[in-house]
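A.B. asks: Okay, so the sequence shown: first residue is 1 according to our numbering, each after it adds one.
The set of hints was computed from the structure by calculation and includes no laboratory data.
C-beta: ideal position from N, C-alpha, C; glycine also.
Keep in mind that a hint or two might mislead.
Label pairs and their computed distance ranges (CB to CB) [what the hints assert, rightly or not]:
{"#": "1", "residue 1": "Ala7", "residue 2": "His40", "range": "19 to 25 Å"}
{"#": "2", "residue 1": "Ala19", "residue 2": "Gly47", "range": "16 to 22 Å"}
{"#": "3", "residue 1": "Glu8", "residue 2": "Asp41", "range": "20 to 26 Å"}
{"#": "4", "residue 1": "Gln34", "residue 2": "Gln12", "range": "30 to 36 Å"}
{"#": "5", "residue 1": "Gln9", "residue 2": "Ile30", "range": "23 to 29 Å"}
{"#": "6", "residue 1": "Glu8", "residue 2": "His40", "range": "28 to 34 Å"}
{"#": "7", "residue 1": "Ala2", "residue 2": "Lys37", "range": "28 to 34 Å"}
{"#": "8", "residue 1": "Asp4", "residue 2": "Leu50", "range": "18 to 24 Å"}
{"#": "9", "residue 1": "Ser31", "residue 2": "Lys6", "range": "17 to 23 Å"}
{"#": "10", "residue 1": "Asp4", "residue 2": "Ser31", "range": "32 to 38 Å"}
{"#": "11", "residue 1": "His11", "residue 2": "Gln34", "range": "19 to 25 Å"}
{"#": "12", "residue 1": "His11", "residue 2": "Ser31", "range": "22 to 28 Å"}
{"#": "13", "residue 1": "Lys6", "residue 2": "Leu50", "range": "17 to 23 Å"}
{"#": "14", "residue 1": "Glu5", "residue 2": "His40", "range": "23 to 29 Å"}
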Amino acid sequence: MAGDEKAEQRHQLYLKQKALLDTFLEKNAISKKQYEKSLHDLTEKMGEKLEETNV
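Modelling step: build the complete structure from the supplied sequences, incorporating the hints.
C.D. replies: Here is the structure:
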């Protein structure tokens with residue numbers, strides 16, 4: 001099932017990108033507002049479900 005494998009790869013990439021954004025926020029490299037916008041855009045573009053986060 002190539003479709004399932006591709007979806008899993010996309011999800012793993014999403015998680016890596018989200019972790020990078022988390023690190024930027026923790027290190028104060030980006031503001032909370034920038035983080036929220038970037039996370040929203042990433043989530044939307046990668047087709048992930050929007051979830052409520054309390055970061």
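A.B. asks: Against each hint, give a clear statement of whether it holds in the structure.
C.D. replies: Now for the hints, and whether the structure bears them out:
Distance hint check: the CB atoms of Ala7 and His40 are about 21 Å apart, consistent with the given range 19 to 25 Å. Against the hinted window of 16 to 22 Å, the Cβ-Cβ separation of Ala19 and Gly47 comes to about 18 Å, which satisfies the hint. Our hint of 20 to 26 Å for Glu8 and Asp41 holds, since their Cβ atoms are close to 22 Å apart. Checked against the hint of 30 to 36 Å, the pair Gln34 and Gln12 fails, with Cβ atoms roughly 24 Å apart.
Distance hint check: the CB atoms of Gln9 and Ile30 are about 26 Å apart, consistent with the given range 23 to 29 Å. One distance hint, 28 to 34 Å for the beta-carbon pair Glu8 and His40, is violated here, with the actual separation near 22 Å. Distance hint check: the CB atoms of Ala2 and Lys37 are about 33 Å apart, consistent with the given range 28 to 34 Å. Look at Asp4 against Leu50: about 22 Å separates their beta carbons, and that is inside 18 to 24 Å.
Take Ser31 and Lys6: their Cβ atoms lie about 34 Å apart, and the range 17 to 23 Å is violated. A C-beta distance of roughly 37 Å is found between Asp4 and Ser31, which places it inside the suggested range of 32 to 38 Å. Between His11 and Gln34 the C-beta distance comes to about 23 Å, which sits within the given range of 19 to 25 Å. Evaluation of the 22 to 28 Å hint for His11 and Ser31 yields a pass: the beta carbon distance comes to about 27 Å.
Between Lys6 and Leu50 the beta carbons are some 21 Å apart, a value that agrees with the proposed interval 17 to 23 Å. Taking the beta carbon of each, Glu5 and His40 are about 27 Å apart, inside 23 to 29 Å as hinted.
In terms of the numbered hints stated before, the structure departs from hints 4, 6 and 9, listed from lowest to highest.
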